[in-house]
Amino acid sequence: MSKDVFLRQHKLALLLVLWRIPGVITSFLAAIASNSMIVWMEFIENVSIVAPGILLLIISAKLMKNLKFMFNYGIGKIEAITAQTCEIFDLAGLGCVLLFAVRKLIYPGGERNLELALIISAVGLLIDLFILYREKLLTEKDHSRIVHTAFLSAKKEFVFDFITIFTLIIGIIFHNTKWIVYFSPIVCIILIVPFSIEIGHHLSSAVQELIDLTLDEESQLLIIKVLNEFYDSYELLGDIKSRVNGSYKNIDISLQFHPDMTYKEIRDISTKIKKRIDEEIGKCNVNINII
Amino acid sequence: MTINKDVNGKALTISLEGRLDTTTAPGLEEEINGSLENIEELTFDFAKLEYISSAGLRVLLSAQKKMNKQGKMVVKNVSEEVSEIFEVTGFSDILTIE
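Listed in order, the protein sequences are those of chains A and B.
Letter by letter, the first sequence follows residues 263 to 553 in our numbering.
Letter by letter, the second sequence follows residues 133 to 230 in our numbering.
The hints are simulated quantities; they were obtained by calculation from the structure and are not laboratory data.
Just to be clear, a hint being listed does not mean it is correct.
[To be verified] No more than 20 Å apart at the CA atoms, straight line, and that leaves these computed lysine to aspartate or glutamate pairs for EDC-like: (1) K201(B) - E377(A); (2) K180(B) - E212(B); (3) K503(A) - D153(B).
Just chain A, with the same shape it has in the complex (with noise of 0.2 Å):
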């Protein structure tokens, strides 16, 4: 892991709470002017987008100087601690929308200034479209996991704001109408449904990401034992790294080759190191790569 990676995932977090900021504004105002659930809810989604950008500039910059967490934590770490905040930081939000929304169903009062949240969402969907097409154009310079992560945050946005105007429409058309008051609450209920389910899966596949390990000591001692072995059969070693989730064992081993040698050469020795290091750690999956 070089500090470029880092260097260049500190501008992009960067960019995104730059980016993002507006959003939560703007969001901000028009919950406040309409008293709007559904305009709430799509403030609280703009701050959990913000909060773990906020925690992803913290972190990547920590990572930039302290050499501790270089060495061992990967970007998959970083990207799992930022996903779990968001989540964590989502689902807090969805249930408070969620005990609002049945609040208001229990004791329905009338919203105001729709209008004028109209226009600020408006406002919000532009800002969004514009964040949306520029994440599009770095995941097609950089196919980086944070950067597709940001990017399908943004479409996530953008849907979300289209569904937030859509149902301010519906509120000012149908303004006299009874019923009126309960469409913001009962979409909000919908919303959290499907929102929360896809939480869930991402908030579960973070925790799998952070229980990942390295390998103990002693395991990685008997990997350098094992490359001493076949000391003659490469030029040069690059990274070992390792990762143990359960009883499951990965091994990445960076190796150089001789030129000189055939693919059946470099074929034979790997797996021939493959065997050595199951034989002296136990069952592991390990991967030679060719550098």
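Based on these hints, arrange chain B on the given structure of chain A.
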């Protein structure tokens, strides 16, 4: 861990003080990679090295491989603890230890 470098013509001596582990190994690797150009004799002085982990061993192995192509590498003043780790992992067979 403290890393001291002493360049004398085409000879480079790296003295380590403290622990060479997961935390400090990347720093040493960076130092080595940035200093090996035109070096034909690399010496590691482990007189004040207290501990070496698998991450440190990987850096040594990597350095030895590089020096095979451009000269030689020697490790000296190895403590009993470090020597034991070298024995167990087979490093005593591939390193030149003085």
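Next item on the list: Would you pick out the hints that fail for this structure and give their numbers low to high?
Entry: 1
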